[in-house]
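These two chains come separately, so use the hints to put the complex back together.
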Amino acid sequence: MPSLKAIRTRIGSVKNTRKITRAMKLVSAAKLRRAQEAIVAARPYANSLTQVVSELAQVAGTESHPLFEDRTAKADHASKKAAIVVFSADRGLAGAFNSSVIKKVEAAVESELAGFGEISLRIIGKKANGHFTRRNANIASYDAAPIGATALQLARETATRIIDDFLSGKVDRVYMVYNEFRSAISQGVTLKQVLPVVPEAVASDAAAGSGIDYVYEPDKQTLLANLVPLYVQIVLYRAALESIASEFGARMTAMENATKNAGDMIQRLTLQYNRARQASITKELAEIVGGAEALKG
Amino acid sequence: MAAHGTLPTELDVRLVTPKGVVAHEHTDALTAPGELGEFELLPGHVPMLTALKPGVLVIGDKDRARYAVSAGYLRVDPSNAIEVLVEQAVLGGDVNVETARADLKAGQAELEKWGERPTDGDWKNIIHRIAWAQARIDAAGN
Numbered sequence: 001m002p003s004l005k006a007i008r009t010r011i012g013s014v015k016n017t018r019k020i021t022r023a024m025k026l027v028s029a030a031k032l033r034r035a036q037e038a039i040v041a042a043r044p045y046a047n048s049l050t051q052v053v054s055e056l057a058q059v060a061g062t063e064s065h066p067l068f069e070d071r072t073a074k075a076d077h078a079s080k081k082a083a084i085v086v087f088s089a090d091r092g093l094a095g096a097f098n099s100s101v102i103k104k105v106e107a108a109v110e111s112e113l114a115g116f117g118e119i120s121l122r123i124i125g126k127k128a129n130g131h132f133t134r135r136n137a138n139i140a141s142y143d144a145a146p147i148g149a150t151a152l153q154l155a156r157e158t159a160t161r162i163i164d165d166f167l168s169g170k171v172d173r174v175y176m177v178y179n180e181f182r183s184a185i186s187q188g189v190t191l192k193q194v195l196p197v198v199p200e201a202v203a204s205d206a207a208a209g210s211g212i213d214y215v216y217e218p219d220k221q222t223l224l225a226n227l228v229p230l231y232v233q234i235v236l237y238r239a240a241l242e243s244i245a246s247e248f249g250a251r252m253t254a255m256e257n258a259t260k261n262a263g264d265m266i267q268r269l270t271l272q273y274n275r276a277r278q279a280s281i282t283k284e285l286a287e288i289v290g291g292a293e294a295l296k297g
Numbered sequence: 001m002a003a004h005g006t007l008p009t010e011l012d013v014r015l016v017t018p019k020g021v022v023a024h025e026h027t028d029a030l031t032a033p034g035e036l037g038e039f040e041l042l043p044g045h046v047p048m049l050t051a052l053k054p055g056v057l058v059i060g061d062k063d064r065a066r067y068a069v070s071a072g073y074l075r076v077d078p079s080n081a082i083e084v085l086v087e088q089a090v091l092g093g094d095v096n097v098e099t100a101r102a103d104l105k106a107g108q109a110e111l112e113k114w115g116e117r118p119t120d121g122d123w124k125n126i127i128h129r130i131a132w133a134q135a136r137i138d139a140a141g142n
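Read top to bottom, the protein sequences are chains A and Y.
Numbering of the first sequence is given in this note's numbering, commencing with residue 1 and proceeding in unit increments.
Numbering of the second sequence is given in this note's numbering, commencing with residue 1 and proceeding in unit increments.
Just to be clear, a hint being listed does not mean it is correct.
What the hints assert, rightly or not - DSS-like mimics (lysine-lysine), calculated; alpha carbons at most 25 Å apart, straight line: (1) A:K15 / A:K25; (2) A:K170 / Y:K105; (3) A:K19 / A:K5; (4) Y:K124 / A:K170; (5) A:K31 / A:K5; (6) A:K25 / A:K126; (7) A:K170 / A:K104; (8) Y:K105 / A:K192; (9) A:K170 / A:K192; (10) Y:K105 / Y:K53; (11) A:K19 / A:K260; (12) A:K126 / A:K192; (13) A:K296 / A:K283; (14) A:K220 / Y:K113; (15) A:K220 / Y:K124; (16) Y:K19 / A:K31; (17) Y:K19 / Y:K124; (18) Y:K113 / Y:K124.
Keep in mind that the hints were calculated from the coordinates and are not lab data.
These figures come from a predicted structure and were not determined experimentally.
In isolation and in its complexed conformation, chain Y is listed as follows (with noise of 0.2 Å):
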């Protein structure tokens, strides 16, 4: 943490999942996917509340680490700790593009044999299912 009327240098960054901690940094730069668009943070940010939707996390400006990442949300501390709370984060790298693709496929072909019917319950699981699927393909492709 930085002292008293100096600017902090760097990011005290905790992603946060129902898994567990994911990842605990120091870095200079965070990309995020935020519900009114991606947007970049930067150190000595204000105290700050936004909703993530799911696409691709990027930890780092020069040091990166790409996270897939579901719907959740990013918090700047008055103490310019950074929590980065999400439903579900995998790191870029150990995404099996494979798997994904065919999720995407699966979720686009049960989508389109929905057709006319009201959109329910169900109906949102798919398209959350399209979303993560995309988001881990993005992450895994630099």
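So that you can see chain A by itself, here it is in the shape it has in the complex (with noise of 0.2 Å):
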């Protein structure tokens, strides 16, 4: 039985451990927000660009842009080469959020992909990027994770590295892993083809809209090529944001766990020190009417 003062010591660490997380908690419910509203502020541009994207490539045909041809049909099996952009966080406390991420990537690996000769990884986050160090895995390249306001610019420059090596013949498919972004209290890791782009099938009625004949300037094929790089990089930078979102949420669930635990905890510390203390009262009882018992006699 530890003594009392252990006891009352062992509350007071518990309760600072509470205040931090529970502030933790307070912190991250307030960057979700935020990351949410980032999230919502990208949707206009992602849809126009998505939609023009979607009906040029229509008009202009599949084999008009390098970047919509899916090359691996073609090349035999050693030589296929894919990478893949892996979005975890700087950081921890956040649930399954960073290990969810790493061990998606090795069953891809081990699964989808492995019809492939070579693998590399475009890491985002210190946290994947040191798991993967230690095991020596094939790393192109290595970027800090992003806050919201560096998002933007992590994404072109991803973009522009992986379509460089695409168009390069370095790699025949580019996927990403992400934790996609549902709600709040649910994330899930998703692996998600970047490159080749499948454009998006027209809806309907945008359909109609497109029998309108609009003036390309420069050609169908120079816009496309200007803006299928800009459609890349929108789905990186949605990747980007909904990674920032989930890390969040997973942080505010797994603090408000830890702060559940803590104050469970002491409560039936409180429980133990009463016990404790009432024992040693009725210890000094005992002894005193021992005492007084022994003079009578």
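The following block contains the structure:
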């Protein structure tokens, strides 16, 4: 049985921990809200761009741009190369956020991407970098995890790099693994193909709209060459934003649980403390009574 | 929107970036940095889709608002609404010229360091940073 003083110190330290986890939860909640706003703000841009690229791809044909071309069918088995863009975080304390991304990458390498002779990683976030560096994985680049303000630039530069790799034949297919944001309490890791670009099917009303004769300047091919990279960028940007929002969501949940557990622990320790205190009082009383009895005798 | 048969007299311009809709204005003219060179757009243009490169976008002829914009497109709808969709846009007055100059310098230094090595994605990123810094400086000055 620990001494009264030891229990009291323990209760104090757990209370401090609870203060920290509660503060982290509140901070994550505030940051989550901002991250969600960024996702919403990106929507008009993403929708317009997606529609224009799909329409262009439809009128110009998917063979009109090399980023639409699927080379994996032609290449033989062993020479096929893939790259994965991995979105993780710089910090932990976010539940399974980082480990589930890492697990998904490792699982994908074993199953979905088993047909590729070589797989390189473009890693975002310290956590995944640490993990894969220790295992000597083929890391093509590493960037720190973005915050809302730097996500766009990171998306642009990553897009430029993977597009260049793809066009120069260094990779035949590019995937990304990230935490998809479903809600504040639910995130799920997904593997998505980034390159070659699969143009989204144009909605029927948009297809009717594409009947208009636009004047294309320069020609459709040059336009596609300008816009498809932007499309790849926005795909990565959205993934980065969802990853950020998921991280805060996961941290919020993790910290809420931690706060609850700390509360439970405090309750248990307080109980133990009171029992120990009562035991010592009972003991003292017994001693006094015992002493008085002895004097009587 | 103009009624059928008459020519519209104003432009309905929406400037859209990944950070949100930056501007939505009714104006009389628009000057944009097209892929093939700068051009001016007036009300009543035929439907058009054109690529933009980093540069200065001027909304309005009399009441001017200058924006630094990076790559994107400009689309004139059949309804004569104009959508300018660019990856980055900042109002000329909001440009931090010192940061832009520093970015330009850093980019040029990196480019020099690159030397004769074959150009790849990282090289293109440097080029983009230089172009975007230049666009911001141009938009800040009148």
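We went through each hint and held it up to the structure:
| no. | hint | result |
| --- | --- | --- |
| 1 | A:K15 / A:K25 | holds, 15 Å |
| 2 | A:K170 / Y:K105 | violated, 31 Å |
| 3 | A:K19 / A:K5 | holds, 21 Å |
| 4 | Y:K124 / A:K170 | holds, 16 Å |
| 5 | A:K31 / A:K5 | violated, 39 Å |
| 6 | A:K25 / A:K126 | holds, 21 Å |
| 7 | A:K170 / A:K104 | holds, 23 Å |
| 8 | Y:K105 / A:K192 | violated, 38 Å |
| 9 | A:K170 / A:K192 | holds, 19 Å |
| 10 | Y:K105 / Y:K53 | holds, 20 Å |
| 11 | A:K19 / A:K260 | holds, 11 Å |
| 12 | A:K126 / A:K192 | holds, 21 Å |
| 13 | A:K296 / A:K283 | holds, 20 Å |
| 14 | A:K220 / Y:K113 | violated, 36 Å |
| 15 | A:K220 / Y:K124 | holds, 23 Å |
| 16 | Y:K19 / A:K31 | holds, 16 Å |
| 17 | Y:K19 / Y:K124 | holds, 23 Å |
| 18 | Y:K113 / Y:K124 | holds, 14 Å |
When each numbered hint is compared with the structure, violations occur for hints 2, 5, 8, 14.
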